[in-house]
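**Student:** As they're listed, the protein sequences go chains U and X.
For what it's worth, this note's numbering labels the leading residue of the first sequence as 60, then goes sequentially.
For what it's worth, this note's numbering labels the leading residue of the second sequence as 216, then goes sequentially.
Errors might be hidden in some of the hints.
What the hints assert, rightly or not - Rough simulated footprint, nothing fancy, chain U against chain X, three-plus residues with beta-carbon under 8 Å:
hint : stretch
1    : 231-242
2    : 267-274
3    : 287-301
4    : 304-311
5    : 317-330
Claimed, not checked - A few chain X positions that, by computed beta-carbon distances, are all more than 10 Å from chain U:
hint : residue
6    : Leu218
7    : Ile219
8    : Trp221
9    : Asp222
10   : Phe225
11   : Gly228
12   : Tyr247
13   : Asp248
Don't read these hints as lab results, they were simulated from the structure.
Ideal Cβ positions, reconstructed from N, Cα and C, are used throughout, including at glycine.
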Amino acid sequence: MLESLQRAGRRAFALVENAFDAAFGPRINPFYHLGALGFFFFWIVAASGIYLFIFFETSIDGAYGSVEYLTHTQWYLGGVTRSLHRYASDAMVIVVLLHLAREFVLDRYRGVRWYAWLTGVMLLWFLYASGISGYWLVWDRLAQYIAVVTAEWFDWLPLFGESIARNFLDSATVSDRFFSLMFFMHLGIPLFLLLGMWIHIQRISRARTNPPRAIMFGTLAALTALSLVYPALSQGPADLDTVVSVVRPDWFYLTLYPLIDVWSPGAVWAVAGGGSLLLMVLPWLPRRREAAAAVVSLPNCNGCGRCFADCPYSAVIMQPRTDGLPYASQASVDPDLCTACGICAGACPTATPFRRTTELVAGIDMPLLPVRAMRQRTLDAMAPLSGTDRVLVYVCRSSSGLGALAASGVGVVTLPCVGALPPSFIDFAISRRHADGVMLVGCAAGDCYQRLGIDWVEQRLAGQRDPYLRGRVPRNRVATAWAGPRDGAELARRVAAFRAQLRDMGPYPQGGTPSASTAQSEMHNVTYRMG
Amino acid sequence: MSLIEWDEKFSVGVAAVDYEHRELIGLVNETYDRLQRPDAGVTVPDFLGEIYARISAHFALEENLMRAKRYAHFDEHKADHERLLDEIRDIMDDYEDRKIFDTERLAQRLGTWFTVHFRTHDARLHRQLE
Chain U
60 MLESLQRAGR RAFALVENAF DAAFGPRINP FYHLGALGFF FFWIVAASGI
110 YLFIFFETSI DGAYGSVEYL THTQWYLGGV TRSLHRYASD AMVIVVLLHL
160 AREFVLDRYR GVRWYAWLTG VMLLWFLYAS GISGYWLVWD RLAQYIAVVT
210 AEWFDWLPLF GESIARNFLD SATVSDRFFS LMFFMHLGIP LFLLLGMWIH
260 IQRISRARTN PPRAIMFGTL AALTALSLVY PALSQGPADL DTVVSVVRPD
310 WFYLTLYPLI DVWSPGAVWA VAGGGSLLLM VLPWLPRRRE AAAAVVSLPN
360 CNGCGRCFAD CPYSAVIMQP RTDGLPYASQ ASVDPDLCTA CGICAGACPT
410 ATPFRRTTEL VAGIDMPLLP VRAMRQRTLD AMAPLSGTDR VLVYVCRSSS
460 GLGALAASGV GVVTLPCVGA LPPSFIDFAI SRRHADGVML VGCAAGDCYQ
510 RLGIDWVEQR LAGQRDPYLR GRVPRNRVAT AWAGPRDGAE LARRVAAFRA
560 QLRDMGPYPQ GGTPSASTAQ SEMHNVTYRM G
Chain X
216 MSLIEWDEKF SVGVAAVDYE HRELIGLVNE TYDRLQRPDA GVTVPDFLGE
266 IYARISAHFA LEENLMRAKR YAHFDEHKAD HERLLDEIRD IMDDYEDRKI
316 FDTERLAQRL GTWFTVHFRT HDARLHRQLE
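Using the sequences and the accompanying hints, generate a full structural model.
**Tutor:** Below you can see the structure in the form of structure tokens.
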């Protein structure tokens, strides 16, 4: 059931993401930066909030008027800022919910990823509380509605001795002091939200909390335009002597509010509370066991720290040496954090197929696919091929049409992530003439399933990140295709084009390899952008 | 006979670096030894591959230390490392591509290649790595 839900969700996301890929290119597809966009919108809300605070009057009688002044008299700055404050917080709800849904359908919420999921679900409450307490401050009829309904909602809980709703029955009992309390809540809850967002990203390394600049400018421009064309307005001053009958709620934050009246406060508690609880325990329904975690081989580890630098999940730590060898440190894996992506092995300098096969154990290796097995699979995949267009494809298992590859007459080795490939495998395959060309196929650019795999591969190929692909490897024999999960036909076309190119080039020259310098050479491999 | 003998003058004063240098000298000598046997064509590429892996790890560790200590001449030294890695790869490919290879010439290249690495350890680096 869960799986078919995820499959359907993946198809739905793929449909929309393909459209965005086509429009903007995968690098700045906002769907690949939903979490980072959440941070970005938070900062917009925070900055605009500070400006609004300067003019805001924290009193029952002054609040509405001060917001009206901002909106109308000072529309060019105050009004726009107010609208930005509102629309960015709405946008934050949208990206956060999409982020949640996307991580669910991609199955990135279970196993070692439970922590981010659980903290993320808890953040939803802070997000909604931040937004709703903000509507309160405008003190218009919508605010009055929110105040009364929220009070009813909380009164249902057996927490307060007396009814807080009674506070709102007439204007005499709502004091400035209570209003100040609301104001501080609207300040305090978002601060806790920010703290929670920081906690949320603790278990990953190099969390992307800023989307690409193009996305930032684009969304900010769109929000500003929206603010100018369709400014956020108040809905008439609150009047506690009358009952609010018609309001236009903000559906992003107040989705459940009408139900408090229509159903009952208890029912809405059941939906919101029960729904949150269900989401929170989802990673254990059922629990997923990750593939066996990375294993360190101390005789092959000198503590160089490259795996530590490249692990996307902070699962590798460097600790003092335990085996008596005169090195200062050694790598150590926390299996509770390891997703078995293999990116650590891809970074390990001893993970090279040129080594003696009997001793080929990398300093850090994946039990599921140790480098020795990777080497053997490479040889096995290429053995049946002949000609001058033998292509060896290393493909990430979460990526594109594996079926399309299988049918295209190339040797295929599937990896947990393209980042798990030590670059010297490419050097090995070409210089030892096991292949005429090597193609790396991964997820869509900017959307690596294992977060950093594609970034690291591109940097390793370009000689910008260790371990470098050696400059001697002719770059016109190396191709990358960041294909995403849904470009099977396109991928087959690219493979065919690459093979044709290799045929034109003829076989890799025998003897006397070009000794191009790795440090200085111009290293541009063939890059195929999908979509 | 060994191709290279460990000499105290090689010591850079960092236990881990000295240890790896000794290991590498051992590997180079063993390779030299294998070169002179009849089955050299089969075993030597593997030994060269092993040297390549070990020297890669050795440089990786050294670079890590240099980064940690913010060694001022990091880029230069890193470029030296990459050049040496390119050279050992040249030696590997040359041996691989021409199976009948002048043993003495290979040994000489290997020996020179290795001692060049020692020369890259200048006094500035030692002071910083200690």
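**Student:** All hints, please: hold or fail.
**Tutor:** Against the structure, the hints come out as follows:
1. 231-242: holds (count 4)
2. 267-274: Result for this restraint: holds, n = 7.
3. 287-301: holds (count 6)
4. 304-311: holds (count 6)
5. 317-330: Three-residue rule not met by the stretch 317-330 of chain X, so violated; n is 0.
6. Leu218: holds, 19 Å
7. Ile219: holds, 20 Å
8. Trp221: holds, 15 Å
9. Asp222: holds, 18 Å
10. Phe225: holds, 15 Å
11. Gly228: Gly228 of chain X is indeed farther than 10 Å from all Cβ atoms of chain U, at 12 Å.
12. Tyr247: Label holds. Min Cβ-Cβ 16 Å, cutoff 10 Å.
13. Asp248: holds, 15 Å
Of the hints listed earlier, the one the structure fails to meet is number 5.
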